[in-house]
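The listed protein sequences derive, respectively, from chains A and B. Note that the numbering used here has the first sequence beginning at 10, numbered continuously upward. Note that the numbering used here has the second sequence beginning at 10, numbered continuously upward.
Incorrect hints may have been included.
A pair holds if it fits inside one copy or across any two, identical chains being indistinguishable in the list.
[Claimed, not checked] Cut-off 30 Å, straight-line C-alpha distance, at most; resulting in silico cross-link-like pairs (BS3-like, lysine-lysine):
hint	residue 1	residue 2
1	93	110
2	120	156
3	134	98
4	32	110
5	32	134
Hints listed in this document are in silico derivations from the structure and should not be mistaken for laboratory results. The structure displayed is predicted, hence computed values, not measured ones.
2 protein chains.
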Amino acid sequence: MTDSANFNFALWQLLLRTLSIMKKAREIELNELGTSSRNSAVLSTIMRLGEEATLSNIAEQLVLEVNTISTQLSRMEKDGLIEKSKDPKRKNLMTVRITDKGYESFIRAMKRNKTNAIMSALTEKEKHNLWTTIAKIRKKSMAELGKDSTILYPPSDPADLPPPSQQEGTIESIRLHRTRSSTP
Amino acid sequence: MTDSANFNFALWQLLLRTLSIMKKAREIELNELGTSSRNSAVLSTIMRLGEEATLSNIAEQLVLEVNTISTQLSRMEKDGLIEKSKDPKRKNLMTVRITDKGYESFIRAMKRNKTNAIMSALTEKEKHNLWTTIAKIRKKSMAELGKDSTILYPPSDPADLPPPSQQEGTIESIRLHRTRSSTP
Chain A
10 MTDSANFNFA LWQLLLRTLS IMKKAREIEL NELGTSSRNS AVLSTIMRLG EEATLSNIAE
70 QLVLEVNTIS TQLSRMEKDG LIEKSKDPKR KNLMTVRITD KGYESFIRAM KRNKTNAIMS
130 ALTEKEKHNL WTTIAKIRKK SMAELGKDST ILYPPSDPAD LPPPSQQEGT IESIRLHRTR
190 SSTP
Chain B
10 MTDSANFNFA LWQLLLRTLS IMKKAREIEL NELGTSSRNS AVLSTIMRLG EEATLSNIAE
70 QLVLEVNTIS TQLSRMEKDG LIEKSKDPKR KNLMTVRITD KGYESFIRAM KRNKTNAIMS
130 ALTEKEKHNL WTTIAKIRKK SMAELGKDST ILYPPSDPAD LPPPSQQEGT IESIRLHRTR
190 SSTP
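Start from the sequences and build out the full structure, keeping to the hints where you can.
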């Protein structure tokens with residue numbers, strides 16, 4: 010094995026282990042707030058997708074199997090965070106809406122002491138460079154999974170980050186989604 | 010919420026979602042090779058720790074709970090990949106050694122087409138910058154977990170990467186460990 014392959018592998022290990030440590034720090038915070046990173050990711054994805062929040066779209070956006078998301082949604086429905094309903098226009102499609110309890114759970118999870126503390130270890134320049142580099146890795150990983158054509162959030166270029174009301178997990182996006190959902 | 014906090018959170022989402030995509034690409038490869046990323050990480054950590062490969066040291070190095078590692082080691086023992094034994098000098102300590110089957114499984118997992126393909130999306134300069142940035146995030150995350158004093162592998166500065174025989178997951182490290190383990 011070449012030094013370059015060894016370096017690649019050590020960097021891979023550093024990335025995977027660090028991301029699992031970040032996740033752990035955040036998970037502790039979310040558990041204290043009565044939720045989990047998986048619940049939060051699903052809720053914010055549903056809000057962003059709006060009327061397009063079907064089982065398969067949520068799975069595609071989170072790059073998870075439909076079965077995994079299906080199990081997760083059933084648990085969240087049981088916990089009263091979401092409701093599933095048949096799309097009136099497309100009877101074979103199941104869309105998902107967030108309940109009041111779901112919005113409240115998500116708003117609680119907006120306390121982001123850990124994520125802010127951790128990201129603040131970086132300068133603005135480091136954050137921008139990291140974004141671009143990680144987006145390259147994401148693109149290549151999606152290609153390796155044969156999913157080149159899926160457009161994911163967040164965008165690959167930080168300059169393409171939409172306004173707060175269309176970002177995931179902002180207070181503006183919750184307000185917008187909640188208003189739209191309550192309109193008959 | 011400020012724009013800066015929103016940006017931090019979007020970057021956080023990009024990082025965590027990319028991690029799960031990278032992991033998925035690699036997991037498919039490892040499953041085809043008859044193993045898993047968790048097994049590989051535990052085996053390479055055991056080799057690096059050598060005589061210090063106790064339950065608590067492995068858990069500490071992988072920043073996982075002792076219970077999680079204990080369950081994992083029991084499964085790996087059942088699969089014939091490792092053997093647990095009482096340390097003859099420190100009776101209350103359980104050390105772990107890798108069986109021939111364990112080494113063979115690890116050597117199979119050294120086929121790293123996915124990890125190499127994904128990392129090769131980056132230039133050398135991008136890889137070095139990524140290493141330094143991720144190491145900063147790891148340091149801050151460990152501080153948030155109250156584990157500032159744990160020294161983890163890979164090192165925070167890529168220049169401190171040890172020679173191949175002391176890296177994790179290199180063919181040289183396997184040879185060294187296997188020779189040492191077979192010495193009475």
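Report task. Identify every previously stated hint that the structure contradicts and give their numbers, smallest first. Result -> 3
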